[in-house]
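*Asks:* Chain by chain, the residues:
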Amino acid sequence: MSGPSIEAVNLSKRYGSFTALSNLSLKIEGSKCVGFLGPNGAGKTTTLKIFTDMIRASEGKALINGVDVHLNKKQALGSVGALIESPEIYPALTPREALSMIAEIRGLPRAEARKKIEEIVTEVKMNEWLDKKVGKFSKGMKQRINIAAALLSDPEVIMLDEPTTGLDPRGQSEVRDIVKDLKKKNRLVFMSSHLLNEVQEICDEVAMIDHGKLLVYDKLSNVTSRFSGDGSNVVEIELSREIDDQSINKNIASLGGVSSVEKVDSRKIRIHFTGGMQNQESLLQELATMKIGMISFRPTASALEDTYLSLIKDTL
Amino acid sequence: MTQPNPSTVQSLNERVLPSSVSQVGTITKYELVNYFRSRRFYVLLIIGLIISGLLTGLVGYYRPIGFLDSTLDFYLNWWGMSITFVIILSGIFYGGDSISGEFQNKTGYFLVGNPIRRSSIYIGKWLAALIASTIMVGIFVAITIGNGIYYFGFNVPYQLWESLGFALLYLVAVLGFTFFFSSLFKSSSMSILVTVILFLFGFSLIEALITGFAQIEPWFVITYGAGIITNVLKDPYPVTQALRPGGRGETIFAVTIPEGIAILLGYFVVTAVLGLILFERKEFT
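Going down the list, the sequences are from chains A and W.
Going by this note's numbering, the residue at position 70 of the first sequence is 70; the numbering climbs one at a time, nothing skipped.
Going by this note's numbering, the residue at position 41 of the second sequence is 41; the numbering climbs one at a time, nothing skipped.
It is possible that some hints are incorrect.
Simulated crosslink set (BS3-like; lysine-lysine; CA at most 27 Å straight-line) [unchecked claim]:
1) A/Lys139 <-> W/Lys234
2) W/Lys234 <-> A/Lys133
3) A/Lys125 <-> A/Lys136
4) A/Lys74 <-> A/Lys250
5) A/Lys213 <-> A/Lys139
6) A/Lys61 <-> W/Lys282
These are computed hints drawn from the structure, not numbers from a lab.
All values reported here derive from a predicted model rather than from experimental measurement.
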């Protein structure tokens, strides 16, 4: 396969008697967004730090595009943009200078770097602050610059460790849009997050880890259908007018794949169904033809949340 | 959003990274920008100017014989007695938290995840500290010479240039040492504190104890090696002397120029290598 790839080969990390990561083997190939989920202390950040050579693995290898990060960091990370934890930027520098430094380290020609910095800073909505000292910025503003730094050189592999940390709701939404755009640009995005909604909205695949061990790695739809409660997916429908119980029971509950229908309120219902994306598509089509005043059709996080809760029992 | 051009993606993969030497230059450049914008540069500059100002005022007002007896005495007392202090301050200000700060302040997370060797970051930061400190030494020597010209005309003794060369070598060694301690600790205050204690009190105390009680030449103490900065301004150059005051044997040690250079170079090489190894191995946990 010629697309970007990251691979953990029997990756372990121990701190004395504590095992942060245990024999993690995971290969991700191609242009996609993979959500990396797990409770606090599960080993998510440890994995990302090994992939960026911030820490060394006790055993095993971390490969990016087939290159061992520890043995050949420069080559391996040449195609990677990473945001690990929430880095601080030298407070006396401006975003333009901090990003210019990254551009020079990454070998962007000066003219291209100048143009790219303007573009990326506009994308993270920090263009008005481009020449102000970073030391005066809020946490969210710094995080936007960190995201800009990770994306500056158009890397084909992007590793993001809880990228929306510190951002306000608008900022979180903007970051999600940025990640969605990256998928369209044929990038491989490996993103850890605690926010299941976020992962469900933007990721194609999901890897779950707990106590340093990989529990599952598969397509999001496969994972949710395999592990969530009754194996069903959930969509939430909003209506422009009220719906009665009879319509729900007679018309909607009898649709193919629907296992149950829950009335949230007079204008909102939640439909549990099986059969993955194929059934979801036909369900949408049939609901649209019913002319019940459907104004939104939105898969909820509950399927992923069910999966998460069924696989991960402890919070620490 | 436009779809990517396959050739663009390919060109991204094929982008040639700068050499490690070039990346060292980048780190040095931005570290210097950071220094010159931060308060520490101005604080150190003000301290240097206060020392120079005090000396200028005191010598101008009191006209002490020790300073004004001869050109060489002037430079020995003015430059020789204060330059090591300026160098130690520079080492503490620029080297004390240079590496530990990357961990404590989390600025390292911004840099280390990029395609750059840690050694390039270490060397780049070290060079920036050396350049900034050299500027301080330069300002101090300029003020010293300015005063020397006022009192003795343009007759600047060649020994001052030798002493300046040894002072720069001492600066190199001090920065090697401070970077080593900065790599050893993750806490900036700890690395600065240890450096301050060692250079302002520790080494002098060790040197005094060893020479006073054990009567051993303290060739393993960096401040003893730095003695060449002042010794070269003495005429004749001092030599080790065995004295017998009151029937008790005592030796006054004087470091020779080759010994001093060897001690300072040795300190630099050993601490620079150890510091680099520590930084390479240290984890951003």
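*Asks:* State for each hint whether it applies.
*Replies:* Hint-by-hint comparison with the structure:
1. Between A/Lys139 and W/Lys234 the CA atoms are separated by roughly 57 Å; this puts the pair beyond 27 Å, and the hint is violated.
2. At most 27 Å may separate the alpha-carbon atoms for a hinted pair to count; W/Lys234 and A/Lys133 exceed this at roughly 49 Å.
3. This hinted pair checks out: A/Lys125 and A/Lys136 have alpha carbons roughly 17 Å apart, not beyond 27 Å.
4. Under the criterion of a C-alpha separation no larger than 27 Å, the hint pairing A/Lys74 with A/Lys250 is inconsistent with the structure, at around 63 Å.
5. The hinted pair formed by A/Lys213 and A/Lys139 fails the criterion: a straight-line CA distance of about 31 Å is larger than 27 Å.
6. Taking the CA atoms of A/Lys61 and W/Lys282, the gap is about 18 Å. The hint holds against a cut of 27 Å.
Hints 1, 2, 4, 5, counting from the list given before, are not met by this structure.
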